[in-house]
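Asker: Protein chains in written order, with UniProt numbering: chain B, 1 to 353; chain Y, 1 to 353; chain U, 1 to 343; chain F, 1 to 343.
These aren't lab readings, by the way, just hints derived from the structure by calculation.
Just so we're clear, the structure is a prediction, and the values are computed from it rather than from any experiment.
Keep in mind that a hint or two might mislead.
Claimed, not checked - Pairs of lysine to any residue, SDA-like flavour, derived with a Cα cap of 25 Å:
1) K157/F / Y261/U
2) K208/U / D270/F
3) K239/U / G195/F
4) K208/U / Q92/B
5) K208/U / Q101/Y
6) K208/F / V108/B
7) K208/F / H186/Y
8) K240/F / C318/U
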Amino acid sequence: MLVVRPAESRDLLALERLAASATPRLTNLPAHRDRLEERITRSQRSLRAEIDFPGDEIYCFVLEDLDSGEVVGTASLRAEAGAREAYYTYRQETLIHASQQLNVRHEVQTLSLSHEVSDATLLCALSLDARYRETDADSLLRRARLMFIAQYPERFANELAVAFPGYLETRDERQVSPFWDSVGQHFFDRDFNDINQMAGVRSKSFIAEVMPPFPLYLPLLTPQARAAIGRENPRHEYAMQEMLAEGFSRSRHVDIFDAGPLLLAECERLHTFKQCGWHPVRIRPQESLPDAVPAMVANQRLGDFRCVLARYALTPTGQLMLTPQQAEVLGVEEGRAVLAVPMPLPAVDEGEL
Amino acid sequence: MLVVRPAESRDLLALERLAASATPRLTNLPAHRDRLEERITRSQRSLRAEIDFPGDEIYCFVLEDLDSGEVVGTASLRAEAGAREAYYTYRQETLIHASQQLNVRHEVQTLSLSHEVSDATLLCALSLDARYRETDADSLLRRARLMFIAQYPERFANELAVAFPGYLETRDERQVSPFWDSVGQHFFDRDFNDINQMAGVRSKSFIAEVMPPFPLYLPLLTPQARAAIGRENPRHEYAMQEMLAEGFSRSRHVDIFDAGPLLLAECERLHTFKQCGWHPVRIRPQESLPDAVPAMVANQRLGDFRCVLARYALTPTGQLMLTPQQAEVLGVEEGRAVLAVPMPLPAVDEGEL
Amino acid sequence: MRIRPIARHDIEGLKVLARETGVGFTSLPDNHEFLSAKIERTLAAFEGREPGDDRLYFFVLEDERDGSIAGCCAIEACVGTDAPFYHYRLGSLAHSSVQLDLHRTLDTLTLCSDHTGDAEVCSLFLREGWRKDRNGALLSKVRWLFMAQFREAFPDKVLAEMRGVFTPEGRSPFWECLGSHFFPMDFNEADRLTGMGQKSFIGELMPKFPIYTPFLSEQARAAIGQVHEHTRPAVAMLKKEGLRWEGYVDIFDGGPTVEAYIDDVRGVRDSQLACVEVIASDAPACERPAVMAATTGMADFRASWISHAVTRDGAGACHVRLHRDEAERLGVTGGDTLRVLAS
Amino acid sequence: MRIRPIARHDIEGLKVLARETGVGFTSLPDNHEFLSAKIERTLAAFEGREPGDDRLYFFVLEDERDGSIAGCCAIEACVGTDAPFYHYRLGSLAHSSVQLDLHRTLDTLTLCSDHTGDAEVCSLFLREGWRKDRNGALLSKVRWLFMAQFREAFPDKVLAEMRGVFTPEGRSPFWECLGSHFFPMDFNEADRLTGMGQKSFIGELMPKFPIYTPFLSEQARAAIGQVHEHTRPAVAMLKKEGLRWEGYVDIFDGGPTVEAYIDDVRGVRDSQLACVEVIASDAPACERPAVMAATTGMADFRASWISHAVTRDGAGACHVRLHRDEAERLGVTGGDTLRVLAS
């Protein structure tokens with residue numbers, strides 16, 4: 001059985017392993033023990049604190065495979081993306097250059113440094129053991145965070161953001177970012193991996209603040225860099241499609257280092273929020289459960305939050321049927337309410353957006 | 001009885017009178033006969049055209065008091081604010097100036113020229129005879145446009161914008177804009193009234209394109225100019241409150257000349273859209289109609305659009321009771337469906353937004 | 001050969017020049033209205049009828065024996081007053097963070113009109129057959145003598161715009177990397193419009209935020225402030241006079257604008273007034289004359305090379321001896337004053 | 001009185017100067033570590049141990065009779081290499097539309113680091129009791145003799161930053177209108193940090209988009225490029241040498257930076273080498289000496305006023321006669337070479 005739960009101190013080694021195996025490396029999940037330890041502590045503090053408005057809390061979750069007892073994934077929530085320091089993005093804009101004299105109107109695309117997304121809640125730092133990629137475990141880890149937000153809306157912003165790693169090229173057996181090569185490189189004279197690591201250990205906003213505030217004219221970037229703007233890393237295509245299906249949409253914002261896309265959504269637009277509902281638990285032996293679509297089921301506890309993968313098996317009166325094992329993992333007895341949502345998402349055709 | 005209907009050629013003189021009496025003068029309703037005549041023609045052409053997507057259509061409406069046979073108000077819809085030429089605004093932004101060295105983070109407010117609102121549908125050019133101000137007639141004229149949009153969503157953008165005239169001061173018996181004096185004046189060396197008139201007859205985007213594209217630093221504006229940013233003209237406070245109650249919200253955008261506020265909303269957020277519904281007509285003599293809240297009632301015709309002020313008198317089976325006169329003005333017989341919405345809006349407390 | 005202000009009857013001669021200048025010499029388009037407007041502006045300036053800043057002093061090099069026009073040159077008294085005058089300015093901006101251990105200075109190009117109000121020397125052209133006997137130097141330097149003589153008619157600074165780098169195929173790497181993205185036209189069309197004085201579109205279309213030069217292609221960067229190989233002798237001549245490149249480049253081709261304070265220009269600083277003595281013989285032929293002389297009146301301004309050196313008497317006054325034909329060419333007689341410059 | 005490079009043992013004398021300079025003279029804070037670091041940098045430069053650009057030549061004016069320090073002055077060989085070096089640059093941008101019949105040129109202030117790599121003359125201070133006998137001129141001009149002598153040690157350009165306008169109450173109208181909105185500190189604190197060489201915060205906090213000067217208050221606009229009244233004599237002296245204000249102003253107080261090509265500076269251009277003859281008598285007292293002399297070695301560089309004029313022999317070589325005490329003061333003997341400048 002798979003369960004998503006808050007990270008604890010004993011998960012440190014697993015987190016370190018997951019951080020080191022993230023592909024590409026994630027700025028917001030540095031493979032740096034002190035930083036990860038700090039994150040777990042901060043997450044635990046956030047869960048204990050009484051919160052009325054989102055602030056600089058971080059909630060760090062892990063995905064545990066109870067069959068093997070192994071922690072096989074992690075994902076975080078940053079209650080307010082720019083609470084401690086501004087969350088910078090490049091914002092795609094269009095300038096109109098018009099000449100009445102020549103009767104021409106010419107649009108020029110630019111990228112402008114922005115920290116507008118700072119107020120949103122950020123879904124970030126997801127890393128999953130490769131064996132579980134693109135399975136239900138992947139979806140559970142990614143979307144369990146929405147189940148958490150759905151229960152504690154006062155702790156989060158109404159707007160959610162999720163950034164996907166950008167497009168990289170392999171050159172001389174190294175992963176390089178064509179966007180960084182054409183943009184950041186001019187200002188920093190360090191390669192993408194160095195700066196990414198530096199940003200992870202220190203801070204990304206730190207670096208953004210040294211970047212010039214003038215819009216970058218897209219025609220002056222290399223074709224490779226232009227092509228990378230808003231393009232997700234191929235390894236994250238599945239995740240991206242899932243989030244689009246969930247109800248996120250592409251925004252004008254891209255990552256300042258690799259130009260990876262940033263998706264935005266208001267909570268109430270998301271499938272999980274619209275479809276999830278409270279159901280009293282009915283405990284039934286595994287073998288007597290009817291067949292049903294997979295579902296995410298979460299308990300109603302803050303510090304002991306658990307979200308498992310189960311079946312959306314409802315009784316005619318709306319009770320959710322769980323196995324004794326599932327109920328135990330969730331820490332619920334018969335009759336207690338759990339939050340449940342069917343896993344399948346509506347199909348999305350990006351061409352229509 | 002009051003009715004809102006599309007403007008016709010015979011309304012030209014009334015329009016001219018309304019344009020001249022608008023306080024303050026409206027850039028988008030110039031008291032210029034050729035321009036107004038052109039507008040009526042364009043509106044009629046727009047109503048005749050088959051439209052699948054919003055474009056450069058303008059829909060010009062008038063409010064007629066059928067008791068006196070007088071046209072006492074006008075209001076327009078621009079299907080796409082920036083269809084012909086970009087619709088420029090100043091966008092309020094915050095730049096972070098941070099020094100790691102000094103460990104300070106300083107926010108600086110700026111205004112940046114933007115044409116992001118170009119895609120929205122613009123509610124504009126409203127002028128009403130002073131005798132009807134702040135009555136139901138005022139609301140009818142303003143909101144009948146929403147009833148029109150509700151019926152023909154394919155002709156309009158999902159995002160609606162409405163700009164309110166900005167704050168002016170009276171100096172030497174002239175109305176002057178403290179914002180223009182501190183900003184535009186430096187670049188144009190013409191006073192607010194001249195430029196406003198020029199913009200009305202020629203085009204506002206024309207002028208915006210000559211303005212420098214650099215952000216204006218707010219601390220460098222006069223205190224009077226800063227105080228005018230996003231502040232509506234006192235004569236439009238009532239209208240502004242109504243639109244906030246309707247579901248519009250203040251945006252980051254303000255007018256480039258006088259810094260008046262621009263409200264934005266997505267259609268589905270608006271009270272009128274959420275509350276309006278189709279009802280079969282039941283014709284009853286005036287005296288037998290039950291008492292009920294005022295309502296806007298619109299017929300289902302494009303070119304012969306009519307929206308009247310009636311009562312939200314529903315039968316138990318959901319039929320809307322209208323007087324024979326109302327039915328006649330709407331051009332509907334018993335059993336035909338009309339779109340109706342109760343006039344009262346929820347209270348709004350801006351402090352909460 | 002002598003220099004004099006252009007006259008109305010020179011219109012046909014000027015058209016011949018305009019046709020010969022060819023592509024890339026935008027200030028002399030072969031267009032009757034444009035050229036005669038130029039002549040009228042010049043007449044107004046020389047006759048003192050244009051008191052403001054819109055003064056053009058347009059000179060021709062004339063073969064006084066048959067009145068044929070061999071070349072031309074001009075001075076704009078004050079650029080940017082009638083139409084905007086734009087450059088890109090090469091500057092730099094430090095980019096530094098103690099914590100990131102970062103300190104770089106990056107070059108930027110920024111749109112500006114800093115030269116508004118300066119004088120400009122321009123429109124120098126010499127026909128093929130006359131490229132000898134230092135006629136080119138005469139056309140170039142006569143402007144310094146004129147400015148020295150009528151110093152109060154000019155501002156503090158003077159500039160000259162130099163043609164930028166082009167490939168043998170006639171393509172401008174600077175334009176291709178920068179301007180072409182912002183102008184919906186080709187280089188020649190943009191250049192032509194500018195030549196016609198229609199410059200307002202530059203401010204409307206050109207990028208107004210600084211361009212960091214590292215974002216440009218290597219070829220475009222290499223072209224910043226560099227001149228076309230045909231222009232090198234002209235630049236060398238101006239540099240010898242003390243004009244320098246201070247980072248301003250042409251919007252389109254990236255060619256340098258050289259500039260100086262007028263009082264610092266060698267030809268202005270070193271020119272002096274001398275009293276004329278006339279010798280009753282014609283001057284011997286001379287291939288490399290060393291002294292240039294100009295008259296001191298405006299409307300009847302004349303200048304040419306002369307053959308004798310300037311001498312200084314015991315009281316420090318300067319004297320110059322002219323042969324009969326030289327005096328005639330300049331329209332002076334003994335006892336008149338000339339402004340002279342030895343080179 | 002003579003000029004010589006500062007030495008380690010001058011630290012106490014330098015502290016006395018630092019205490020006397022008072023507020024507003026930010027390059028000499030009364031801070032032992034800072035001042036001794038300055039001395040070490042100077043020693044490295046004079047002894048040729050700093051081959052790079054981070055060279056500071058710091059001189060003191062010494063009363064050679066008792067070794068007391070009366071003043072100081074310095075040359076930074078190359079600014080902006082170690083820490084960023086910022087200015088605001090006053091430029092202009094045309095703002096024009098044919099259709100709107102609009103043509104204006106607006107002044108802008110833009111953050112830049114254009115002077116990166118230039119030399120700077122700075123840190124001139126003369127103690128109250130010594131403000132006589134042209135000691136101030138000696139401190140100011142000795143730097144031209146030094147640069148002329150070691151020309152290859154310096155870049156093309158030199159600049160000097162001048163203190164801007166302050167009200168009698170010590171407030172800077174330029175700062176109050178501009179800087180105060182962007183720096184969370186008062187003027188003196190900002191100025192102090194800059195003096196300590198911590199300039200990275202300027203780039204981080206100052207507005208990077210152009211500021212249109214019409215947006216500034218009248219007083220702030222009036223202060224752009226204007227100097228404090230106490231600074232006027234210093235500016236006048238530099239202007240006489242050929243330095244000019246080219247539109248660069250101080251970030252904080254708007255005071256002008258004057259600049260020149262080093263080769264154009266009068267003191268550099270007109271100085272010459274002369275052969276020494278020594279007269280066996282002491283120099284008579286002189287209140288207004290006219291000739292400055294400097295030795296030609298770097299580590300043992302000395303300079304002072306001398307009483308005799310420079311003479312030129314038939315072969316064009318220069319000679320200068322020194323009295324015995326003058327020769328001693330400079331550490332030269334007959335037949336040595338001095339660099340001299342008549343003023």
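Asker: If a hint holds in the structure, say so; if it doesn't, say that too.
Answerer: Evaluated hints:
Taken as a hint, the K157/F and Y261/U pair is honoured in the structure, with Cα atoms around 16 Å apart against an allowance of 25 Å. Between K208/U and D270/F the CA atoms are separated by roughly 44 Å; this puts the pair beyond 25 Å, and the hint is violated. Between K239/U and G195/F the CA atoms are separated by roughly 38 Å; this puts the pair beyond 25 Å, and the hint is violated. About 17 Å separates the Cα atoms of K208/U and Q92/B, which keeps this hinted pair within 25 Å; it holds.
Proposed proximity of K208/U and Q101/Y is contradicted: the alpha carbons are some 30 Å apart, above 25 Å. As the CA atoms of K208/F and V108/B are separated by approximately 21 Å, the hinted pair is consistent with the 25 Å bound. With a CA separation close to 20 Å, the supplied pair K208/F and H186/Y stays within the 25 Å bound. With a C-alpha separation of about 28 Å, the suggested pair K240/F and C318/U falls outside the 25 Å cut-off, and the hint is violated.
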